[in-house]
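**Q** For reference, the chains in residue letters:
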Amino acid sequence: MRLAVSLYRLENLCKSYDTRTVLDLNALDVHEGEILALVGPSGAGKSTLLRLLNFLEAPTSGTLAYRGQTIASPVPLDVRRQVTTVFQRPLLLRGSVAENVAYGLRLRGAHVNANVAQMLERVGLQDMAAAPARKLSGGEMQRVALARALVIEPRVLLLDEPTANLDPYNVTLIEEIVREQNRARGVTIVVVTHNIFQAKRLAHRVGLLLNGQLVEIADTRTFFEAPQDPRTAAFVRGELVY
Amino acid sequence: MKFFSSSFILYSMDDIFTGIAQAVQLIASGDAALYEIIWLTLQVTGTALLFATVLGVPFGAALGLYRVRTRGLITALLYTGMGLPPVVVGLFVYLVLSRSGPFGSLGWLFTPSAMIAAQIIIAFPLTAGLTMTAVQSVDPALRVQARSLGATRRQEIWTVLTEARIGVIAAIVAAFGGIISEVGAVMLVGGNIEGKTRVLTTAIVLNTRTGDFELAIALGLILLTLAFFINGAMLLLQRNALD
Chain R
1 MRLAVSLYRL
11 ENLCKSYDTR
21 TVLDLNALDV
31 HEGEILALVG
41 PSGAGKSTLL
51 RLLNFLEAPT
61 SGTLAYRGQT
71 IASPVPLDVR
81 RQVTTVFQRP
91 LLLRGSVAEN
101 VAYGLRLRGA
111 HVNANVAQML
121 ERVGLQDMAA
131 APARKLSGGE
141 MQRVALARAL
151 VIEPRVLLLD
161 EPTANLDPYN
171 VTLIEEIVRE
181 QNRARGVTIV
191 VVTHNIFQAK
201 RLAHRVGLLL
211 NGQLVEIADT
221 RTFFEAPQDP
231 RTAAFVRGEL
241 VY
Chain P
1 MKFFSSSFIL
11 YSMDDIFTGI
21 AQAVQLIASG
31 DAALYEIIWL
41 TLQVTGTALL
51 FATVLGVPFG
61 AALGLYRVRT
71 RGLITALLYT
81 GMGLPPVVVG
91 LFVYLVLSRS
101 GPFGSLGWLF
111 TPSAMIAAQI
121 IIAFPLTAGL
131 TMTAVQSVDP
141 ALRVQARSLG
151 ATRRQEIWTV
161 LTEARIGVIA
171 AIVAAFGGII
181 SEVGAVMLVG
191 GNIEGKTRVL
201 TTAIVLNTRT
211 GDFELAIALG
221 LILLTLAFFI
231 NGAMLLLQRN
241 ALD
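So the protein sequences, as listed, match chains R and P.
Under this note's numbering, the first sequence has 95 at position 95, and the numbering climbs by one with no breaks.
Under this note's numbering, the second sequence has 216 at position 216, and the numbering climbs by one with no breaks.
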C-alpha cells in the first residue's frame, strides 16, 4: 500500500454559477501518484471539479490547496503548467499532427525536441506526423490530444471522459498509455468517466459524485465490492441514482 | 493615348472583340498614361487596405474576444457599414474635406489622400466586422484547452487569432474587392483628374460616357486581371493556412 501524500486538498469547497451550486465538497484529497476515477451521472459536477483542479476556474468559496499551498488567483504560471487536461473532444488546432503535439512545448518556449517524435510513436501515429490533425479519425485525434498533453511532462493529468465514443482498440491503447505514465513517471491522474468498467480497470481509488456532492470515495476494490453508501451500491449495479 | 473620343457607337460583338484586342495591345505597348492609372489605383487601394487592416483586424479581434457591453450596437454599426454605398461615403468625405468643412485646411480634396480616406471608411467595417465573425467562430472550448496546456492570456489570444486566420484573410480579401471596384467615392473626392486622381474605375466611367469603348473595355480587363491576381495571391495565403 502506497503512502498517501496529498497533492490536492479541497476543503468546504463550493462552486456556483449565478445562484446554482454545482459543486459542494466537504473534503477531498487527491494523492500524489495515484489514479483517481470520478464517476457519477451527468450534471454531478465532475467536469467542474476537473476545471478547478486545472486552475481554469476558481472556487466560489472554500479552499483548494495544491502541494500544500492554498491556491488563489492569479495562479502562478509555473503551477498552472504542472497540470493539464485531455477533454472528451480532442480540440485540436489547425496544422499538422506534429505541430499539435508540440503546441505545449512551444508555449513554454521549449525546443520542439525528440519527445514529440517519441510521443507520436507511443500513441502509434509516427507515420501521421505531417498529416493535417483535423482530418484524422476520432480515435486518432484523441491520441494526438493525449500525446500533446503528455509531451509537456505534466505532474498531474486530468482526463474528462477521454474515451467516450471511441472504439475498443483506441480505448485499450489510451488506457495502456495512461497506466504506463502513472507507473513509469508517477503522473497523478484524475479521470472522469461515466464508464464504471473503465474506473475499475484504471483507478486505484474511485469517488462517486452526485448533485455536486461526494457520496463516497474508496479504494477501487472497496468501492465496487463493499460500498458504504446505498447510492454507491446502486450505481455500481448500474441502477439510476439521483 | 486618346482618352476622349467622339465615336458614340458600339453595335456588335465584333466591336467588343476589337476592344479586347486593343486592350491587349494597349497593355503591351507600355502606354505611360495607362500605367500611371494602374499605379495610382494600386497605391490608393493598397494604402487604404493597409490602414483598414491595421485598424480593423485588431478592433474586430478585440470585439470577438472580449465581452463588450456595447458589442450589439457596434456590430449593428459595422454591419451597416459593410453595406454603405460608396457614393454616400464620398459625399461625407467631400463635405468634411471641402474648404468650409472641419478638415478643409488639410487641402486633401481632389488629391489621392482624400481617395484613400474614403476607401478606408468603406473598407474598415469589412475588415473589422468579418474579423470579429471569424474570431467568434473559433470554438470557445479551444481557448480553455489552450489555457489548460499552459497558455498565458496573450498566447491564448494569439492561438485564437491563428485559428481564425482563414476568416481574417477573407475579411481582407472582401475589403480589397470592395474598394478596388468602387467608383462613387473616388470620383467625388478625387475628381478624376487626369494624371492626378484618375484611377481605373473612374477612367472606365469617363471613357464609357465619351463612347471610347475600346479603352473602357481595356481598362475593365486590366481591373479584372489585377483583382484576379491579387485575390489569387491572397487565396494562396489562405490555402497555406488551411488544414
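Because the hints were derived from the structure by calculation, they are not lab data.
One thing to keep in mind: the hints can contain errors.
[To be verified] Chain P side only, calculated, beta carbon under 8 Å to chain R, not exhaustive:
1. Gly19
2. Val96
3. Ser98
4. Arg99
5. Ala141
6. Leu142
7. Val144
8. Ala151
9. Gln155
Glycine residues also receive a C-beta, built at the ideal position from the N, C-alpha and C atoms.
**Q** So, for every hint listed, does it hold in this structure?
**A** Evaluation of the provided hints:
no. : hint   : verdict
1   : Gly19  : 45 Å, violated
2   : Val96  : 42 Å, violated
3   : Ser98  : 48 Å, violated
4   : Arg99  : 52 Å, violated
5   : Ala141 : 6 Å, holds
6   : Leu142 : 5 Å, holds
7   : Val144 : 6 Å, holds
8   : Ala151 : 5 Å, holds
9   : Gln155 : 5 Å, holds
Hints 1, 2, 3 and 4 from the list above are not met by this structure, while the remaining hints are.
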